[in-house]
Amino acid sequence: MPKRNTNQRFRRSGGIQARTVGGEIFLAAPKVKTIHHLDRMASATWRALAKPKSAEEIIELFQAAFPGTPRRKIAKDVGNILAFLAERKLIVRMKRRRPN
Amino acid sequence: MRMTGAALRRADNRRVLISLDALGWTLAFTGCQDVADGLETILNGWKFRRLPPSSNARPCAHVTKISAGYRWRSAHFSKPSLWDKHPPTSAMSAINDIHDVFFDWFLKKRRNYLCLHGAAVRFGDGLICFPSTHHAGKSTLGVKLASMGGMLYCDDVLPIEPRHNHGMAMGIAPLLRKPLSPGLGSPFIRFVSKRLGPSDRRWLYVKLKQTEIAPFAELAPIKMLVLLQRKKRGGAKLRPVPKNEMLKEILLQNFAHQVPPVATLDRLMRITKRADCYRLHYSRLTDAARTIKAAFRKRSFGAR
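Each protein sequence line maps, in turn, to chains A and B. Using the numbering used here, the letters of the first sequence map in sequence onto residues 1 to 100. Using the numbering used here, the letters of the second sequence map in sequence onto residues 1 to 304.
No lab work stands behind these hints: they were computed from the structure. Nothing here was measured: the structure is a model prediction, and the numbers come from that model. Each residue gets a CB set at the ideal place from its N, CA and C atoms; glycine is no exception. Accuracy of the hints is not assured; some may be wrong.
To be verified - Derived, one-sided and incomplete: chain B residues facing chain A with beta-carbon distance under 10 angstroms:
hint	residue
1	PRO242
2	LEU247
3	LEU251
4	ASN254
5	HIS257
6	PRO260
7	PRO261
8	ALA263
9	LEU265
10	LEU268
11	MET269
12	THR272
For reference, chain B alone in the conformation it holds in the complex:
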């Protein structure tokens, strides 16, 4: 069946309503079903549900495709921070901005959670957390560890729940910079190319399988904290980091400022005291991933 121009325009301007039941959020999209589809692709365990057009649910935010890009409307929920200065021009950047604003919404809802900038991967019953350091390759290493039997918890933001200070999975697909360097190795590039999610010229979501990414809200204790440091050449080396240095780093990476400072300090201190703290110097991804995995395994056996 062929659609006429008018029918195509009508289909494009259709309003799509989605519900993320895990957090009770509803979003509306007009003329940009591709953004809603993209969100469905990157969210794991968020209980994504499409609502019928007749639904009278009130959306937290309404995204509309317009000739200049995308328009955002929301009464009580914050807008992506860059939306006014640099409004998205592609579905991919709209998805990315919405994914970013979800962290703000999440913290508004869970006011006693801390949130660390960083990546985390679960092996067995514990997490290895990589606090954010600029351009150190935490997302790439997270995906690599997921390809080696780990469960990715996050590649950018790790919420910390208030009861036991365990890390919580965000269930959002990791985002890698394009192009992937051949230096990452052909097994890694093959692994990623079999899991292509939404992408544009500069960025690519990796659609991990259910055995490779933990669903939203899964919890695990942080057992290792590892600062990443790239070097030009040579094998990967894991060196212990003093607890005070690690605490300083994770204090800087916490962006949940609604928790009172004394509680923040005490909770991050507890995490640092419990975890093994290292700095990983590496030049090759595979080498780094093997070193981390071996150290974590040794730790787990040593703890028995």
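With the rest of the complex left out, here is chain A:
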């Protein structure tokens, strides 16, 4: 299995509409014509992506919020969530700028 690059930055895809109900987020994606429900952790990840972030930055955020949870577990969960969101085109990987 290829190792995930945790420094790769992600941003929300354009046109996605989010609605919050009972602390959880529902996303409507008009381009791909889908609606998704995000559980608490995925909702928190979506909120964190209000500004583009890397997996590493999101893991840091979650670790500060849940200091009792092992970092390895948080990293695995965040990786899975980002993969889920990217697969459904709800977020996109940002292109790296080439150094001049």
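Position chain B relative to chain A; hints supplied.
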């Protein structure tokens, strides 16, 4: 008067043309008048009309009885989904398949309607909706509530109109699995046996009276959303369900995918926010129906 074999065959092969004026559909049946008769029995408020054989109306679909079952012909209207793989072998299954395809036709005509899998019953001016959960008894509970003064809106599909997001009655007789379990209670079995519609070995339509089933296109606001959950024993219990959980359920039960996703989400959110959301755990039908009816009545009085 006795008919000869040839006359009987001619009568059997006669073409029957029916018009469902509520939606402007015409259907033709050849050699299967029993299917047309069955449809007339199960449709309420569809403005069912028999056309004269000389009518030159072009049917949306033409069903013909053949030796292997039934043949379907239609140029622009979809065919029942199972018709190719498992063509109907009895009038009852042909009626059931046509009833099913009507939902597809309906959504093609009313493109801004949402459609939820579920049952709904009106008490007073509001609907109690039971989003579909597998084998949870929504049809049986719907019929039971109709026997207790409710008006059945649907037992399988609830269209949602676009203006106020009210539920719309389909006006199609409910369908129950056979045999009816004695556990449903003798009053319920008596109620159903006095209203037998088309049936076969496995299924039975319940021909409800006009005071028990709402006609096609009647509208009412959804005031309660109730998820059904059977349990083995014990009394019925109604427990509140968080709005996000209910929204998740009804999103899954919506099969009208022609409405844009943002509009679908916003409309279903509005319905969920307006309605009281519960899960009903029950083992006995009568107990479940009484609990639901009492909770709805309490809600209505509380709202005044």
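To see whether the hints hold, each was checked on the structure:
1. A cut of 10 angstroms between beta carbons decides the hint on PRO242 (chain B): the least distance to chain A is about 5 angstroms, and the hint holds.
2. Hint status for LEU247 (chain B) relative to chain A: holds, with the closest Cβ pair at about 5 angstroms, below 10 angstroms.
3. Annotation: LEU251 (chain B) was flagged as interfacial toward chain A, and the flag holds, the nearest CB pair being 6 angstroms apart, inside 10 angstroms.
4. Proximity of ASN254 (chain B) to chain A holds as hinted, the smallest CB-CB distance being about 9 angstroms (cut-off 10 angstroms).
5. For HIS257 (chain B), the shortest C-beta to C-beta distance to chain A is roughly 7 angstroms, which falls under 10 angstroms, so the interface hint holds.
6. Taken as an interface hint, PRO260 (chain B) checks out: its beta carbon lies about 6 angstroms from the nearest beta carbon of chain A, inside 10 angstroms.
7. For PRO261 (chain B), the shortest C-beta to C-beta distance to chain A is roughly 4 angstroms, which falls under 10 angstroms, so the interface hint holds.
8. Nearest Cβ of chain A to the Cβ of ALA263 (chain B): about 8 angstroms, under the 10 angstroms cut. The hint holds.
9. A hinted interface residue such as LEU265 (chain B) counts as satisfied when its beta carbon comes closer than 10 angstroms to some beta carbon of chain A; here the least separation is about 4 angstroms, so the hint holds.
10. Proximity of LEU268 (chain B) to chain A holds as hinted, the smallest CB-CB distance being about 9 angstroms (cut-off 10 angstroms).
11. The interface hint given for MET269 (chain B) is met, as the beta carbon of that residue sits about 6 angstroms from the closest beta carbon of chain A, less than 10 angstroms.
12. Satisfaction of the interface hint for THR272 (chain B) is found here, the shortest Cβ-Cβ separation to chain A being roughly 7 angstroms, below the 10 angstroms cut-off.
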